[in-house]
Amino acid sequence: DQQVKQNSPSLSVQEGRISILNCDYTNSMFDYFLWYKKYPAEGPTFLISISSIKDKNEDGRFTVFLNKSAKHLSLHIVPSQPGDSAVYFCAASALGTGGFKTIFGAGTRLFVKA
Amino acid sequence: DTGVSQNPRHKITKRGQNVTFRCDPISEHNRLYWYRQTLGQGPEFLTYFQNEAQLEKSRLLSDRFSAERPKGSFSTLEIQRTEQGDSAMYLCASSPLFGGGTTRTDTQYFGPGTRLTVL
Numbered sequence: 199d200q201q202v203k204q205n206s207p208s209l210s211v212q213e214g215r216i217s218i219l220n221c222d223y224t225n226s227m228f229d230y231f232l233w234y235k236k237y238p239a240e241g242p243t244f245l246i247s248i249s250s251i252k253d254k255n256e257d258g259r260f261t262v263f264l265n266k267s268a269k270h271l272s273l274h275i276v277p278s279q280p281g282d283s284a285v286y287f288c289a290a291s292a293l294g295t296g297g298f299k300t301i302f303g304a305g306t307r308l309f310v311k312a
Numbered sequence: 179d180t181g182v183s184q185n186p187r188h189k190i191t192k193r194g195q196n197v198t199f200r201c202d203p204i205s206e207h208n209r210l211y212w213y214r215q216t217l218g219q220g221p222e223f224l225t226y227f228q229n230e231a232q233l234e235k236s237r238l239l240s241d242r243f244s245a246e247r248p249k250g251s252f253s254t255l256e257i258q259r260t261e262q263g264d265s266a267m268y269l270c271a272s273s274p275l276f277g278g279g280t281t282r283t284d285t286q287y288f289g290p291g292t293r294l295t296v297l
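Just so you know, the sequences run in chain order A and B. Counting the first sequence from 1 gives a position; the working numbering is that position plus 198. Counting the second sequence from 1 gives a position; the working numbering is that position plus 178.
Looking at chain B on its own, in the form it has when it is part of the complex (with noise of 0.2 Å):
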């Protein structure tokens, strides 16, 4: 049972570099999401991709965020020019096209994370 992924797992980095996480989310899950978790909060929503095609984006993606998902399959988030207030926890999930029994097909499952700290 392979879960969502994400790699790097933590990133450190310094102020003013670009960085790129990458998300791989359950292989029949066609909706995928990426959120940002800072301590003491909840994940905030930060994109969504329904298939290749990039739905919904929060005024929380400052231009120096972007978000792919060429295939339809994985997907990346790349951060330019980091700064110290993106140092966070980058969560993606995913979600089926149907539900089963109660669940809603908009029900998430989250990978593991990729913790950010730019210095």
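So here's chain A without its partners, still in its complex pose (with noise of 0.2 Å):
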């Protein structure tokens, strides 16, 4: 039972252009949605949020953008650099009975071209 898909597991992209990764959930009650870029060898990195209550959020060359209604998330990276080169992972979170729960996306392999 996945929650959290991330249908495509790569994507190649032009560096200058941008990068469109998406995110689609199936529990409504996830209320805050997380994405996050790991290199290999290393951990994931925390990368950007988003909140139930917002559309939108920006932070530089990245925005998420959340549509609640369609159970969809994206991420833009704009302009796409080779540095942004890594495996993303979209996250969503809900409060249970135990504290938070966050479910993670199996993930999109993102290749920027020089």
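Where hints are given, some of them may not hold.
Unchecked claim - Straight-line Cα separation of at most 25 Å, BS3-like style, residue types lysine-lysine; simulated pairs: (1) A:299 with A:252; (2) B:235 with A:299; (3) A:203 with B:235; (4) B:249 with A:299.
The set of hints was computed from the structure by calculation and includes no laboratory data.
Join these two chains into a complex; the hints should help.
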């Protein structure tokens, strides 16, 4: 039962263009969404987040959009740089009986070509 | 700036042996999480501590797995009688008591992980 889905295992983009990574979720209890970036041999690094009360959050080159009715979120990176090449994980969180529980998608590997 | 640290970074063991991993969270963080990640998958939640209290455990955490955080600081994850299916990256993360700006308190900061190989 995959509650958070990233249907594209990989994405290739030219340097300077926009990268759009997509994520779908099924659990309507999720109220906080995050994107993490992971380089090889390192743990995931927090990138950007959005609360369910918003539909957009921007931080420099990174913007996350949330469409609650479609249970869909996306991460836009513009302009893309070769250093952005990494695996990107979408994650969703909800307050449960024991505290916060975060569910991760399987990840999308982004290749930014110079 | 000290982030989350994990030791060892790599562990190779034979089936049936016990292994223990250590996680040192960011010092002011009172929440600590353990995850398991296998190839091609995202991190899967194992367990969660708030201070020294273990508040939630996943069904993935069989009886062979035990986690502790005795003084609310570092944590250990022990796997007894390891099986080949336990081979994975074990990730630790921590999160603060208070958020900042638009960042909620459950934004987690990960360590580099311990890669376990069971032969």
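Against the structure, the hints come out as follows:
no., hint, in the structure
1, A:299 with A:252, "holds (20 Å)"
2, B:235 with A:299, "holds (10 Å)"
3, A:203 with B:235, "holds (22 Å)"
4, B:249 with A:299, "holds (22 Å)"
Every hint, counting from the list given before, is met by this structure.
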